[in-house]
Amino acid sequence: MAAPGQSRFVSQLKRYYALYTGGFIGFVVLLSILEQMGVPNKMLGYIFLGVTVLLYAGIGILSRTSDVAEYYVAGRRVPAFFNGMAVGADWMSAASFIGLAGTLYLSGYDGLAFVLGWTGGFVLVALLLAPYLRKFGQYTIPDFLGARYGGNIPRTIGVFAAILCSFTYVIAQIYGVGLITSRFTGLDFGTGVFVGLGSILVCSFLGGMRAVTWTQVAQYVILILAYMIPVIWLSVKHTGNPIPQVAYGYVLEKVTAREQVLNDPSTPEGAREAEVRSIFRQREKTVRDHLKALDAEGERYLASEKARLVKTVADLQARRDTDPKVLEAANRAVADFPADVATARRTWRREAEADREKSGPVMAHAEPFAGPDEATRDNKRKNFMALVLCLMVGTAALPHILMRFYTTTSVREARHSVFWSLFFISLLYLTAPALAVLAKYDVYTLLVGSSFSELPSWVSAWASVDKTLMNVTDINHDGIVQLAEITIGGDLIVLATPEIAGLPYVITALVAAGGLASALSTADGLMLTISNSLSHDVYYKMIDPKAPTGRRLFIAKALLLGVAVFAAYITSLKPGHILFLVGAAFSLAASAFFPALALGIFWKRANKTGAVLGMLGGLFTCMLYMYITYPFFGVNAPLWWDIDPISGGIFGILVGFVGVIAGSLLTAAPGKDLQNLVDQVRYPSLDGDSKL
Amino acid sequence: MQLKDKHKQYWQQNLRLTGVLLAIWFVVTFVVGWFARDLQSVTFLGFPLSFYMSAQGALLIYVALVGYYAYRMDKLDREYEVHERDQ
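Protein chains in written order, with this note's numbering: chain A, 1351 to 2042; chain B, 733 to 819.
There could be a bad hint or two in this list.
In silico negatives: residues of chain A with every beta carbon more than 12 Å from chain B [stated by the list, open to error]:
1. V1378
2. V1401
3. D1538
4. R1669
5. K1675
6. A1720
7. R1727
8. M1742
9. E1763
10. D1792
11. Y1855
12. L1909
13. G1912
14. I1928
DSS-like mimics (lysine-lysine), calculated; alpha carbons at most 25 Å apart, straight line [claimed, not checked]:
15. A:K1954 with B:K738
16. B:K738 with A:K2022
17. A:K1604 with A:K1635
These are computed hints drawn from the structure, not numbers from a lab.
As the structure is a prediction and not an experimental result, all values here were calculated from the model.
For every residue, glycine included, the Cβ atom is placed at its ideal position computed from N, Cα and C.
Could you build the full structure based on these sequences and the hints that come with them?
The following block contains the structure:
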């Protein structure tokens, strides 16, 4: 492409997106005027989500294409700055947008592993992969493996691994889409999933990578505005400083001071907290006694307990002066009583664990690896490090991210575009810890110590949505809220911040639209990766290399539709465990791809046997470790060196490197043509370049 | 094709730069993280230093590392005449 054409294209893009951003802000202002005029909240939610989803579909229709290079790599003319935004939206999923601040709220310093891992990985992308993959300049990541190591076996393993980790990840995204659409529009979960999916499809179906790119830029603008506005508002409210990232150090000091008061039984507030905690300790003991009796007597104990509860109800009914509320509670206890021994054991264990958590002192937000003894602290530190490493290496191995660097105009632009990507991503990741601290301060000062008769309206509103998200119960019957009496779910923090800060409902709708944008944009990128691997790598490269372009694109689109419907079906079964699904995708990608990709560029001696051995070994080790240790699968084997299942990638990466190195050294060096390919990839421009 | 000495030097320079930046990345992430408990008592801008590093400091350094690499490699490409000409 000639330089003047590209620079005109860039200035045109800048004008379009500046207009678009202005238009979007105008739209938010217009809706807030409508809110003042008394338009009901539910209506505002509908308009907000409806307009943004139509907008994405509109961009998809405008960018429709039937050109192969446009469909797979957006014509390779995406400027660094805009590719940065697209990577940002592609990268930041529902887990980042909704889940991250909540995780930080709940686990304090230890949650920062996600912040470090999801940003620091881009250093690896920039230094080890992006420029070289761009120089290689094909369409997918399996393409690189196939060309570098020769033959269809490395490519096939690449396709399998790409589909495995992208599919694991996409389920978590569609789940997020369903959650948001159902919560803010009142549609049921399944319908929400299919409505969201429709807009993903219109976009990627018509225009492939080209449509996805320009939609992702639009989605980035919405998601970053939606994330920043409530936090800036909170920051001004608490500190008078509109830059939350700078100001929250001061709020963190105050939160730390509050933690000390609440943990000190000699202060009146601390004494009340201690009282609630001792009630929880008592409850835990009762439940553990039940469990012990259950272990000893089994079925018989369960039957006698049930009979006792039924008798209580009968006694209450016999008396005339029974409070109807007490009777109702007794009836509920009978109805909720576990049906068999296995259920009873599971429910009671969960109860005991919940009570135990509530009976401990308030965790210090800023303290790293907090624990009662040295062994616990060391263990936490080790797992923190392992998780950070898995997330970072996984970042540098997830195909839907790496493939975005094929879309820039040159190697130089690819390097710059990693910089812009990390810049745009960091805006959100620098803000999330601030949001967690500001929200915590509000809860610790406004909610704790307030009276049960005048709880703010958002508390009851969210409690009615889901008890695990928000629940306040007067445990010690003093009419005052203690911290230990509050249960807050992580996913609530971002979605409820506007209400906690007392902002208009429009901002709540904006945040919902932002969360939807983050989930949709990531799902777009992932589904495209899956269908491209199938249509390009499997169909075109392996089954029918002579296929005409029309048929290739038709196959790509048909597969996309199939993948989407299948993913939606799996999601509607609610496999759950979102954070584990996301973490697993990273560990799997890190184990399967990173060693073969990085060594393929930096070590000429790496050959096909090594790549096959390393990729299969890494992937297998990681899958095996997750299967035997993650409770969901029910094997419950002992952990290796106390590493949590989510960080199983650490073993996979190690085996992957050993596999590539050992396999390569034991067999002959790769041929001259493959070594020449490595040289060509290493230099942005070299005499004898066959490509571009 | 045959690589000239100039090309080999370019690659060596690139490897050295990559190595240095990766070392900084490693120290900022893993060494600072390992000693996080010891850095708690130091205060920086009102934050405990360990919290600041993991929540902000490391991120700013990552952005700087990637930015510096892009800037430095642009110069290196031109110096060794391996830059893309049609830009």
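Checked hints:
At roughly 28 Å from the closest C-beta of chain B, the C-beta of A:V1378 stays outside 12 Å, upholding its exclusion from the interface. For A:V1401, the condition that its CB be more than 12 Å from all CB atoms of chain B holds, with the nearest at approximately 33 Å. The claim that A:D1538 is not at the interface with chain B holds, since no C-beta of that chain comes within 12 Å of its own (minimum 38 Å). At the 12 Å boundary, the C-beta of A:R1669 stays outside the reach of chain B, the nearest C-beta of that chain being 57 Å off.
The claim that A:K1675 lies off the interface holds: its Cβ sits roughly 46 Å from the closest Cβ of chain B, which is beyond the 12 Å cut-off. In this structure A:A1720 is not separated from chain B by more than 12 Å, as the shortest Cβ-Cβ distance comes to only about 9 Å. Listed as outside the interface, A:R1727 is inconsistent with that label: its C-beta sits roughly 7 Å from the nearest C-beta of chain B, within the 12 Å cut-off. With a cut of 12 Å on Cβ distances, A:M1742 falls inside the contact zone with chain B, its closest approach being about 8 Å.
Remark: the non-interface label on A:E1763 conflicts with the geometry, its nearest Cβ contact in chain B lying 8 Å away (cut-off 12 Å). Once the 12 Å rule is applied to beta carbons, A:D1792 is consistent with being away from chain B; the minimum gap is 19 Å. Interface exclusion of A:Y1855 from chain B stands, the closest Cβ pair being 30 Å apart, more than 12 Å. With a cut of 12 Å on Cβ distances, A:L1909 stays outside the contact zone with chain B, its closest approach being about 34 Å.
Once the 12 Å rule is applied to beta carbons, A:G1912 is consistent with being away from chain B; the minimum gap is 37 Å. The non-interface label for A:I1928 is consistent with chain B: the shortest C-beta to C-beta separation is roughly 23 Å, beyond 12 Å. For the hint pairing A:K1954 with B:K738, the CA-to-CA distance comes to about 19 Å; that is within 25 Å, so the pair holds. For the suggested pair B:K738 and A:K2022, the alpha carbons sit about 21 Å apart, so the restraint of at most 25 Å is met.
Pair hint A:K1604 plus A:K1635 does not hold up; C-alpha atoms about 34 Å apart against a cutoff of 25 Å.
When the structure is compared with the earlier hints, violations turn up for hints 6, 7, 8, 9 and 17 and for no others.
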